[in-house]
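Construct the entire structure; sequences and hints are all you get.
According to this note's numbering, the sequence shown is numbered sequentially starting from 1.
Just to be clear, a hint being listed does not mean it is correct.
Label pairs and their calculated CB-CB ranges [as the list claims (entries may be wrong)]:
no., residue 1, residue 2, range
1, Pro67, Asp170, 15 to 21 Å
2, Gly156, His90, 52 to 58 Å
3, Arg27, Ala207, 15 to 21 Å
4, Gly102, Glu47, 31 to 37 Å
5, Asp160, Asp130, 17 to 23 Å
6, Arg27, Gly146, 31 to 37 Å
7, Ala193, Leu81, 28 to 34 Å
8, Thr64, His90, 24 to 30 Å
Keep in mind the hints are simulated off the structure, nothing from the lab. Small disclaimer: the values here were computed from a predicted structure and weren't measured. The beta carbon of each residue, even a glycine, is placed where N, CA and C say it ideally should be.
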Amino acid sequence: MGQVQAVVFDIGNVLIGWDPEGFYDARIGPENRRALFAAVDLHGMNERVDRGADMQIAVAALATAHPDHATAIHHWHDHWLEMASPDIPHSARLLRALRRRGVPVFALSNFGASTFEIAQQAYPVLREFDDMVISAHHGLMKPEAGIYALLETRTGLSGDALLFADDRADNIAAARARGWRGHLFTTPDLWAARLVDEGLLTKEEAA
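What follows is the structure, encoded as structure tokens:
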């Protein structure tokens with residue numbers, strides 16, 4: 001295998017938190033949250049937003065379809081940033097350390113168009129990629145092959161030149177099927193160790 005030439009970051013649960021269940025547990029209690037998620041396909045709605053649907057329209061339509069849960073459903077729009085939190089400072093430091101080293105850093109993320117703008121305002125590190133492929137901008141989603149192919153086309157890199165960190169095993173498997181190197185993200189410390197092992201950062205730079 002050759003040297004990694006660029007690093008690809010997922011965003012949710014890699015650079016910033018993503019925990020809708022935790023938000024609703026705090027807002028309405030775990031029992032009510034479980035009943036809500038059993039009755040209403042909030043994650044399915046969010047996937048449509050990640051593919052390009054307008055979030056406000058999607059949330060309103062779901063609330064209309066489930067009037068008994070309308071208030072809770074509207075939280076998804078009105079309090080979205082509370083679900084996409086907190087930031088993960090060590091991951092941001094790693095991204096910036098890579099860029100200081102001259103290693104290109106890309107984003108590959110399932111994300112809504114309007115919510116990505118909100119996230120970029122809240123978390124400046126999300127404006128620091130050398131290039132990014134955001135699902136809603138292209139109507140493609142991980143782990144579909146097309147979104148990985150798009151990043152390859154945009155960057156001119158493929159195979160083991162790319163090292164990809166994502167918190168979902170299916171997304172990593174899809175990347176590895178294209179020959180990419182993959183890292184299943186669980187903690188920033190382990191991600192830092194992988195970047196050191198790949199020779200991309202020193203231990204001091206990865207701290």
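Each hint tested on the structure:
1. Between Pro67 and Asp170 the beta carbon distance is about 34 Å. The supplied range of 15 to 21 Å is therefore violated.
2. One distance hint, 52 to 58 Å for the beta-carbon pair Gly156 and His90, is violated here, with the actual separation near 29 Å.
3. Taking 15 to 21 Å as the suggested C-beta distance range, the pair Arg27 and Ala207 does not conform, at roughly 36 Å.
4. For Gly102 and Glu47, the hinted distance range of 31 to 37 Å is satisfied, since their beta carbons lie about 36 Å from each other.
5. Between Asp160 and Asp130 the CB atoms are about 19 Å apart, so this pair conforms to the stated range of 17 to 23 Å.
6. In this structure, Arg27 and Gly146 meet the distance hint of 31 to 37 Å, their C-beta atoms being roughly 36 Å apart.
7. A hinted range of 28 to 34 Å for the beta carbons of Ala193 and Leu81 is consistent with their spacing of about 30 Å.
8. Here the CB-CB span from Thr64 to His90 is close to 42 Å, at odds with the stated 24 to 30 Å.
Of the numbered hints given earlier, the model fails hints 1, 2, 3, 8; all others are met.
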